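Protein chains in written order, with my numbering: chain G, 1 to 410; chain A, 1 to 282.
Note that these hints are calculated values from the structure, not bench results.
A hint or two may mislead.
Some, not all, of what chain A presents toward chain G, calculated at C-beta under 8 Å [to be verified]:
#, residue
1, Pro76
2, Asp78
3, Ala79
4, Arg252
5, Arg276
6, Trp279
7, Gly280
Since this is a predicted model, take the numbers as computed values, not measurements.
Note that beta-carbon positions come from the ideal geometry of N, C-alpha and C, so glycine has one too.
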Amino acid sequence: MWLRTLVLLLPLFSAGSVTAGPDNYVDIARGKALVIAGDCAACHTAEGGQPFAGGLALQTPFGAIMTPNITFDTTTGIGSWSADDFARAMQEGRRPGGGHLYPAFPYPYYTKVERSDLDAIYLYLRALPPVENRVNRNTLPFPFNIRLLMKGWNALFFTSGTFKPDPARSAEFNRGAYLVEGLGHCGACHTPFNAFGANQNDKYLEGNQIDNWTAPNITNDPRVGLGKWSVDDIVQYLKTGQNAFSLASGPMKDAIENSTSEMPVADLKAIAVYLKERGAEGPPASTPLAASDPRMQAGEAIYVDTCAACHVRTGTGVAHLFPKLAGNVVTTQEDPASLIRIVIAGGRAAATEGFPTSPAMPSLGYRLSDKQVADVVTYVRNSWGNAAAPVSEETVRTLRAKVTGAAPGE
Amino acid sequence: MKLPAKACHARTAGLGDMTMESADRRYGRTSRRPDGASPARHGVTRRGLLLATAALLVTTSGVNARVVTKVLPWKPNDAYPVAPVVPGGYLFFTASEAAVVEAFVDRLIPADDLGPGAKEAGVTTFIDRQLTGPYGGHDWLYMAGPFSENPLPSQGLQSELTPRQQYRMGIAALEAYCKATFNRGFAELAAADQDKLIAGLEKGAVQLPNFSSKTLFTAIYNNAIEGFFADPIYGGNRDMIGWKLVGFPGVRYDFRDVIDRPNQAYTLPPVSLQGRPAWGER
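With the hints as extra help, turn the sequences into a complete structure.
What follows is the structure, given as structure tokens:
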């Protein structure tokens, strides 16, 4: 009799460490929280599409990549994947057949995620309704369509292995590190790329440009990083999308609305502690442009007439409503993309449960020429204690073409 | 009368007025021709008009109604830019009509020691471009009559003539009057004669052939003021001449820096929709 029971139970065990059934509700719920922390939906949901059914075109310097369907539809999704298959994709960037995934899928980060967490994510995705949605997975042009190239890429830029906590640091710091360096894949946007599209590990979290938006330096650098923000400021920003310094817009608006605002405050605090204690790296300070510079004079006139009504003559903004420009790190990043595009196209702040207002800035591109945008942005970057390189008319012209749809890339 | 849910949505979304306006316009368009028809002849009663308007509101609201939830709509690059008037030539006036208007507005707001006048400000170009646009046809006004001969002030505009018709017919009448009286056109008269004639038109003391002198005076007088003080983007108020004259700050909308300093001069120069010279060349 006991033998019969054992035989009946055998297939259950042989399926691996992951078991299906009503008992793993706890794991599924944990998986959901992890999927939120990883913001999987950001890439794996097309605009207006079903959640996790893929089909979003990710623009990379090498061409567009369509994100796959990660629902458990057997033919068009990952319904036939085992938990081992899933873990291998996350940790090594390989498909079940051994084929290579492109690092637009941030497996160099996910490799740090513990297997138990990956299994919880697997269970959650499997518990979702499967969606049939076939996605063309081969949109890259030659030679980047040769997936085997990634073998060389991995040899150069990819180190596999789960996160190793630093025993010299606090548990909170290590929790933050695990989230930022792993599932949160913050560095995927906030770390500069090299020519091969790999994040430069020696410039980790020092800022980058993504989709014509500036992803600022998020080291603890006081001039261009988070140095002036307290742990609580960071938590408030991630939880509500704004704090006394800034309001999130662009891709970070989405990341906050879909991911960090839904995360537990304890995890956000761990992230903040990690970012504050990790260290500070930034470019050397530059000297502000002289107020007598013609660009500064034109920029000041435009600022007074166009921007000061909300952002205030002295650049102080209005807390929680109009971003402060004096000392705002977005204004002093080496890359001025966000500043320029918000002037041209306007911007909208994140709307979260804690801060549902979502203030918006109108588009001023119709009113300002490229030269005038360059001058006003140059003025903002070099006033009230700010200091950063001037912006050229040419830079504005190129970006305007991209953000107004006059050229591909937006 | 009970409106269907859709129409109510249009109202709650703040779009009801828009719908009303388009309904009015449609109504006006079908019967705008100023043929002096009385309401009885058309059978248009107050009740009928209200019903027709309500019916249009209902039938068009499905297109316009939008339920807004969570956050207000916002789109990148969303703007309603006005295409700036490019000065040069006339689109409505003939050369001789333009000369009359130019001479007329030059007497209303002449250049003097306070600064340049309506002529220098490009007011004739402003009026010309307005007449070619929707204003010139009173496109948004109910124009089917009845028109009162002796309207109360509260009854507003009571002319079946569109501004385009007023200018075309009015200038022709003025020129005919000048040719008959002075044997030359209005533009060729001495300034003092022009002033006397304009004063006569204003009071109704001068009778133009087949045209109300008051109507002509009122049209040019009002439009000259508008052209002198409207944003330069519309072709008049060149270099913000009018705003500099009266000290109007232009399209600024924040005065927190100066609000607590009463009786002190406001030193910021005016700024137009297209900026000001200090912004640098466009």
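Now the hints, each set against the structure:
For Pro76 of chain A, the interface hint holds, since its Cβ comes within 8 Å of a Cβ in chain G; the closest pair sits about 4 Å apart. Checking Asp78 of chain A against chain G: minimum C-beta separation of about 6 Å stays under 8 Å; hint holds. Taking 8 Å as the C-beta cut-off, the interface hint given for Ala79 of chain A holds, the closest approach to chain G being about 4 Å. The closest approach between the C-beta of Arg252 of chain A and any C-beta of chain G is roughly 7 Å, which is under the 8 Å cut-off, so the hint is satisfied.
Contact between Arg276 of chain A and chain G, as hinted, is supported at the beta carbon level, the nearest pair being about 7 Å apart and thus within 8 Å. Interface restraint check for Trp279 of chain A: the shortest CB-CB distance to chain G comes to about 5 Å, inside 8 Å, so the restraint holds. The criterion of a C-beta within 8 Å of any C-beta in chain G is met by Gly280 of chain A, whose closest approach is roughly 4 Å, and the hint holds.
Against the hints set out earlier in the document, no violation occurs for any number.
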